[in-house]
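Here is how the chains run, residue by residue.
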Amino acid sequence: MPEYTGNAGGDVAAGTCRPCSRPGLVLGRAAGLRRQASAFAARVVLFSAAAASSAAVLFILGFILRDALPFFKLRGFSEFLTSVKWFPSRSPPEFGALAIIAGSAIVTACAAAFAVPLGISAAVCMSEVLPFRTRQAVKPVIEILAAIPSVAYGFFALVVLAPFLQDNGGTALSAAVWVAGGPVAAIACVAAGGAASSLLPSRAGRAARWPLAGLFAAAAFIALRELSSAAEDLEISSGTNALNVSLILGIMALPTVVSVSEDALQAVGRDLREGSYALGATRAETVVKVVIPAASSGLVAAVMLGIMRAAGETMVVWMASGNSAKVPSPIYNLLEPIRTLTATIAGDMGEADHVTGSARYHALFAMAAGLLLVSFACNVASEWVMRRARRKNSGG
Amino acid sequence: MTRSTRKLLDKSFSSLGVFSILFMAGSLVVILAPIVVRGAGAVAFRATAEHRRMMLEQFGAGDRAEVEAETAAVLAERKPLFDMLAGFRIEMKSMPFKRKREFEGKLAELEGRIRELFGPLPGEPRPVLPRMRYGQTRWDRAKVKLEAVLFTETYDCSDPTKMGVLVRKPRAEEFEGTFVAALFPHLEAHAGEMLRPRFTIYWRFFTDVSRDAHFFGGIWPELLGTFYLTIGAIAFAVPVGVLSAVYFAEYAGQSIVNAVLRMLINTLAGVPSVVFGLFGLAFFINAVHLSESKSVLAGSLTLALLVLPTIIRASEEAIRAVPQTYKEAALSLGAGKGRAVATVILPAALPGILTGVIISMGRAAGETAPIIFTAAVSVGDPLGILETLSQPTPALSWNVYNLSTEHQKLDELRHVQYGMVLALVAVVLILNMAAIILRARISRKLKG
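Line by line, the protein sequences give chains C and E.
At position 222 of the first sequence (counting the first as 1) the number is 222 in our numbering, and the numbers step up by one without a gap.
At position 333 of the second sequence (counting the first as 1) the number is 333 in our numbering, and the numbers step up by one without a gap.
Incorrect hints may have been included.
Below, computed lysine-lysine pairings styled on PhoX-like, alpha-carbon distance capped at 20 Å [to be verified]: (1) E:K79 <-> E:K11; (2) E:K11 <-> E:K106; (3) C:K85 <-> C:K326; (4) C:K289 <-> E:K7; (5) E:K143 <-> E:K445; (6) E:K11 <-> C:K289.
Just so you know, these hints were derived from the structure itself, not from any lab.
Next comes chain E alone, as it looks inside the complex (with noise of 0.2 Å):
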């Protein structure tokens, strides 16, 4: 070779390795960035006046005189529309009847349609649930929704030899030279007034539990349930592991058995999650009937089993990083070896064993598989304290899961789906920029 071909290599090699780095800090800022704008969606949005009534109504939020004001205008300006649709029903009336047979199914359609944008029509009676009781609370929601008003969409499929394709008509094509065919310009042009949309910061998203299925209201239940199982599975295994560390940091030779102990503890760090939440459903629950079903105290013990390597590894680590100087010093002035560990050489851990234990708290804030079968349940109500014995909890990341496969109208709630991820990501950053922070003050002070 020569030697410029060796120096294109070697050059190259080094690209090689910049580029994968670069691909990892893309794939991060790839993966991060639509969880972070759409997720700021869930809270910063522009809020229709559907959104106030509703807020009113289910929260008790706002003030009752302006929002039922505001409701009032709304209605005041959808009036024409309804006009509309009562004056079509009565000319439908006077038309053949074919012709009639063909518009009723047409019009039934159009009310749908309207009834999903401005919610039930006049005159019609309050629906149960809640989620039909308002129109579109969100502006970005409320113009999708009037695109499917002004416009029809079909597949044709006639040609069997290729996949169907889309095919968009203006809605009013199907009611011209009717008395409804006005209603579509109409409300393209006054829709703004209509809904009111206006910027709101809903903040109350993190505190508020969730109507109807998380059609409204925020995610407070889920937040404190992963609070609860992470502090669980914390308070579980922080004890025993940094018990552990001691020992394998100070108190165990060499011997077979140590050895041993110490390959279990690498194995059970590469046990998969999935496989501690089987564990945790046959032990736990169905051998030692922790609780009558899941609940959020196997699911935190299940939890705790997860992190425990993770926990023992870095006290471990930071007992074994605490300088040799302070244990002699101890141990000169008389100190027993117990003395000289618990007064001495753990407080000097004490930052490197939090690192260790704030990581491991992201890491069960995180996790889902362990406690599907433990402690989720996809609805549920804020728990007290004591109720966390016996009764499951909704659990964020249990619910971005169950909100974006399982949910009914999956398409419906995505703003609610990534607010919620952005909460479960948010947490689990802050909590481990806290670690990374904390190890490099320890790290400058271990320098000096």
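With the rest of the complex left out, here is chain C (with noise of 0.2 Å):
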């Protein structure tokens, strides 16, 4: 995850302490032109490295385009963009790889629907609720979360949460509903009765408020027991489905969307806070209304990373999402085995890399490419909004 690293401070420094490098009364004429030219070789030394540094990933892309170009070429484009047909061991082989980019698209789409709400209401308890001893206790956790490695979770995806989910996946599924909904279908229930009892005329209201409370709670319950319901009579036939998948990809991405949000929130400046505070705004009014919207720059970045970090992982979906090439149907039906494109990547390599210099070899390449597209895109976007967010902060 980019992180700040401004130099504004390092810069002012260096551009006072620079008249002190250079050679002074004290030295001599040659000891001052060695000076010069050693100072002048260690700065060449050094941004060759950083600039070597940073050529990598240019050389990366360069490499992944230049071995994807012959599969356009061979096949085009439109095949591998719009057909869901990939038999790439077939003769004739066909490689419509539309299935497994929207294998991609709605694991990546529901690890974030999933990390985001967590990641970032984690990050705003963190940021301006908790004590400062107990946010020091917290970070180890999302440091451990982040550091296991990916292997590890598709290991456990496979071993114990496939299995779970295929056994008792619809009883986990509706006992879910009942503890992520009960708590907020209550709270709800209660808003909503103030809400609609401060519409009465103020005595009848006052007195109305709990009854229609008590209502709308009657009704949310036959929702929920519904909802619960349906969700206890689903079949799943395997457990190793993009439902699981999402779930432990949420989980890996959470670590990288809660330490951006805290350090997005954490920078946006007391006065705010306190100027909210001052018209008696309630701490989640002065969350919701003025700091999440100050920081909003910060959170979309640190939405994107924790995106890219789910579309990127590679073992937990080999591992654990199937490795079947169809779109779902209907297509949010999440308990259907898909394929995505880092798992293709890995799994058809083995396989390919005997016949360098078959379509099939290049097709992979092709999907690295896209993928490598994606996250240039993501990143360049996030650093953009970052720095515009900076340029604001720091201009008042």
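Dock chain to chain to rebuild the complex, using the hints, since each chain is given by itself in its own frame.
Structure, rendered in structure tokens:
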């Protein structure tokens, strides 16, 4: 995750110090020259190291594109992007990657839908609610979550979560409906009762508040019960499916989302918060209406980095997504196995690299090129958003 | 909105955040608990007499006289069983042909199950594969196999509209009224004496090579491979990374060129790991021909690219965190900028740089996708230092994948898989803990 690497402080200092490093009266002319030469050499060495590190990414892009182009020359774009028939080893082979692209998009979107709300609310809680000491205790949890190797997550998804979903998936889903929906519904009912009663003339309104809330609660209860019994009836024929993978990818993306958004929230000035509190806003109102809008660009960057983490992940999807290259029907059916770009690259390369030069080999590079370009676009966009925010913040 | 509603919303807002944090902590526990508990089972378990015999024959471990005496004792315990089988074979000879045919298949299946439990039956030739030479070495697996001897499992698919229903019947019913029917109660009652489970801590799991595709032995080649790959990646990435960090922290101005360089490095951090692997294959192996095929060298270089952004970022931050006064003092004593950086700033930033390096080591050790095409093989011997230049290696991360998805008998090797995951997670987490502790010490020092 790109962090703030602004160099204002360093440069001002370097600027003021530069004269001191020039040869002064103390040094002789030859010594001065030598010193200048070595300083120049050091600069060149350092710059070339930095340039080499930066060029690596261009080099990677170049090499991937170089091996991807023959595929498009051979097969064109339209089949790759529009057909769902992925039969690379058949003769004649078919290279329709649409189902695989859809698979990547589905798990990434679901992982983001799961990780973003949880991640941002955790970040808000860490930066606005928790006392300093507790926050210090929570940070290692996030770091460890980020550090666990992806293959360990994949192993968990395959060996623990998949059989669990297969055997008790319906029950677990209906329990999840109650756990997640219950409290939310309860709060929403009370709030809605309050809001509805405030529409009535004041006296009747105050009296009607709790009955109204009760009414809403009854409706919510019935809806939740329907939902949970529908979930209970679901038959999960295979535990290695999009739901499993999305859940694990969501957990893997959480640390990124939390740490980047926490940084963004921390960067919001104290004066804004104090202004809001002074106007009588509660903490929730301050966060939702003042802090989050002020930190929005950082939060957008956090979301994008989290999405990239989920989209680029290989081992979990390879091990636990079921690897079946077809679009689930209907498309929101998360209980069907899917296949992603990363898993296809990892899985097919073993067979394709014996026949270097074949369309199959280059097809995988075409997929990699697609992934790479998307991740570039996300990265550049998040950089741009962050940079703009920084300029805005420093500009006051 | 009334004030009480606002208060309620405020409270629930905070509890939502607390819930999210608890969810993260909970998922950490849920994910790590089975790995730790069952991973420990790879090292500490109830080992049977077969385990001790296997260790003696395959690894030369244990006291020969003792193990041989024990083997003789358990064979004596099993003898009645084999006698019953032999007696049944004689009994079968006098049976009518049809009945005999029927029993032949059942007997073959029973013998197969018993072979899985105790190894080859007496008088049979010694199998080539080590996995077939021994009975169950672990008591937990032996209990599963014992069940398979005692019960038959078939799926009842008579109702085509439903999924098949599992039917479990005592195998004794198949042999009712014959000589061998007494085998089942006898086996059930004396299985413990026939296998002699004893609680064992098998430390050599970490230092033994594996035999017969991880059926026996340990994970030493994988540990060593991960170690080579990690050290290699760090050795390539640290010099370049630290030099780049020095440039960005001390020399780079705010020109467009530098902004672009920074952006490129951030972009490198976002490249999906499998793309690194593909690049490693296309460049280091197919284009440069660094080695004949996969090698530790190619894998290390690929991993080095992967950790480079992390190292640059951490080092740059560490260098920036060195108080300005240090540098000013060095410059005022007449040191040039280069000398100030080399003798004052870098040493002061060293703990911070080290933190970044340790975190990168954890990252490199845990990554799988970049080494699939560049360095990893599923079975191999531990490599010598020089062999790393040209040979591929097994590695923990890759072998976790390989053993749990591609191995022929992956259900039988769950304990090895868990042990390997635990080893990998332990390596990575110990490195990260070290980094966390180091960072805490630095921040305490900076506070004064």
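Each hint, compared with the structure:
1. E:K79 <-> E:K11: Violated, at about 72 Å.
2. E:K11 <-> E:K106: The given pair, whose Cα atoms are some 68 Å apart, is violated under the 20 Å limit.
3. C:K85 <-> C:K326: Holds. K85 of chain C to K326 of chain C sits at ~8 Å (cutoff 20 Å).
4. C:K289 <-> E:K7: With Cα atoms ~16 Å apart, K289 of chain C and K7 of chain E stay inside 20 Å; holds.
5. E:K143 <-> E:K445: 56 Å, violated
6. E:K11 <-> C:K289: 16 Å, holds
Violated hints for the displayed structure, listed by number in ascending order: 1, 2 and 5.
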